[in-house]
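Throw the hints in and build the complete structure from the sequences for me.
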Amino acid sequence: TAWQQAAKAYFYVVVWMSISMAVILFNKYILAYSGFKYPIALTLWHMVFCTTVATVMVRVLGTTKRLHMPQKEYINRVIPIGALYAASLWLSNSAYLHLSVSFIQMTKALMPGLVYVCGVFFGMEKLTGVTSFNMFIIAVGVAIAAYGEINFIWIGVCEQLSALVFEALRLMLVQVLITRQGYSMNPIQSLYYVSPACATCLALPFVATELPEIMANTGLVINWPMLILNAVTAFALNLAVFL
49 TAWQQAAKAY
59 FYVVVWMSIS
69 MAVILFNKYI
79 LAYSGFKYPI
89 ALTLWHMVFC
99 TTVATVMVRV
109 LGTTKRLHMP
119 QKEYINRVIP
129 IGALYAASLW
139 LSNSAYLHLS
149 VSFIQMTKAL
159 MPGLVYVCGV
169 FFGMEKLTGV
179 TSFNMFIIAV
189 GVAIAAYGEI
199 NFIWIGVCEQ
209 LSALVFEALR
219 LMLVQVLITR
229 QGYSMNPIQS
239 LYYVSPACAT
249 CLALPFVATE
259 LPEIMANTGL
269 VINWPMLILN
279 AVTAFALNLA
289 VFL
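Numbering (my numbering), first residue to last: 49 to 291.
Keep in mind the hints are simulated off the structure, nothing from the lab. Glycine included, each C-beta is placed from N, C-alpha and C at the ideal position. It is possible that some hints are incorrect.
[Said to hold, decoys possible] Straight-line C-alpha distance at most 30 Å; calculated DSBU-like pairs for lysine-lysine:
(1) K56 with K120
(2) K56 with K174
(3) K156 with K76
(4) K85 with K156
(5) K174 with K156
(6) K156 with K56
[To be verified] For each label pair, taking beta carbons as the anchor points, the in silico distance ranges come out as:
(7) F290 with V255: 22 to 32 Å
(8) F74 with G189: 19 to 29 Å
(9) A187 with L291: 25 to 35 Å
(10) T111 with Q52: 16 to 26 Å
(11) N265 with K174: 43 to 53 Å
(12) V269 with K174: 53 to 63 Å
(13) V61 with S232: 44 to 54 Å
(14) K120 with L291: 48 to 58 Å
(15) M117 with I192: 21 to 31 Å
(16) A264 with R114: 38 to 48 Å
(17) N199 with A264: 25 to 35 Å
(18) V269 with K56: 37 to 47 Å
Written out as structure tokens, the structure is:
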């Protein structure tokens with residue numbers, strides 16, 4: 049029934065919001081206070097962990113079936129989504145080094161407007177005056193919040209806004225390249241296909257920028273139990289996102 053569908057949808061939203069808050073605070077602690085100031089490495093670790101768990105669940109445990117997706121289709125449809133997802137996660141985690149968690153959450157109010165603009169561009173949404181005015185009001189509210197921010201750091205704001213743009217583009221591409229083409233994926237399948245593409249796209253900037261710094265930092269102590277727990281929460285969040 050409609051009530052059951054609504055209850056199911058709201059349940060998913062509550063689960064996603066709860067796990068998202070946990071991951072946000074966890075990532076902020078690791079990047080800003082634990083001494084591990086490597087956002088690309090942290091994001092890459094999340095994707096490698098998600099890829100490993102999803103592969104075991106699909107290929108070993110047989111939790112769900114693989115899709116019949118040719119390699120060309122994977123390159124043309126999944127790789128762009130993985131690249132945008134990698135950029136969004138990388139930049140949003142980098143913003144934690146410069147901005148407060150509360151300010152980052154306020155900027156995320158721009159997401160409906162950005163998704164709407166991307167939807168109009170891709171032909172998924174119709175441009176209407178009422179909706180555009182609503183999105184303008186939201187943008188004004190975020191601008192006021194930004195103006196009143198005490199610790200306003202431009203590089204952090206640019207990273208966060210760029211992450212939101214990449215995320216909005218990713219959501220639209222999921223509709224255009226995956227859903228419209230008849231590829232219906234459950235959360236495990238989504239992680240199984242998207243996580244490796246995301247990890248590959250993150251590996252390139254990691255090797256070029258952060259890996260030499262990590263290798264040169266002889267005093268760096270990696271808290272593996274904390275990183276594993278962080279990866280588990282990130283895996284749960286990714287499941288909730290695709291759900």
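Now for the hints, and whether the structure bears them out:
1. K56 with K120: 35 Å, violated
2. K56 with K174: It holds: about 27 Å lies between the C-alpha atoms, which stays within 30 Å.
3. K156 with K76: The given pair, whose Cα atoms are some 16 Å apart, holds under the 30 Å limit.
4. K85 with K156: 23 Å, holds
5. K174 with K156: 23 Å, holds
6. K156 with K56: The given pair, whose Cα atoms are some 24 Å apart, holds under the 30 Å limit.
7. F290 with V255: 22 to 32 Å: 27 Å, holds
8. F74 with G189: 19 to 29 Å: 28 Å, holds
9. A187 with L291: 25 to 35 Å: Distance hint for A187, L291 holds at roughly 29 Å.
10. T111 with Q52: 16 to 26 Å: About 25 Å separates the Cβ atoms of T111 and Q52, which means 16 to 26 Å holds.
11. N265 with K174: 43 to 53 Å: 52 Å, holds
12. V269 with K174: 53 to 63 Å: Taking Cβ atoms as reference, V269 and K174 lie about 54 Å apart, which means the hint holds.
13. V61 with S232: 44 to 54 Å: 21 Å, violated
14. K120 with L291: 48 to 58 Å: Given a distance of about 28 Å, which is not inside 48 to 58 Å, the answer is violated.
15. M117 with I192: 21 to 31 Å: Since the Cβ atoms of M117 and I192 sit about 46 Å apart, the hinted range of 21 to 31 Å is violated.
16. A264 with R114: 38 to 48 Å: With a Cβ separation near 41 Å, A264 and R114 satisfy 38 to 48 Å, so the hint holds.
17. N199 with A264: 25 to 35 Å: 29 Å, holds
18. V269 with K56: 37 to 47 Å: 44 Å, holds
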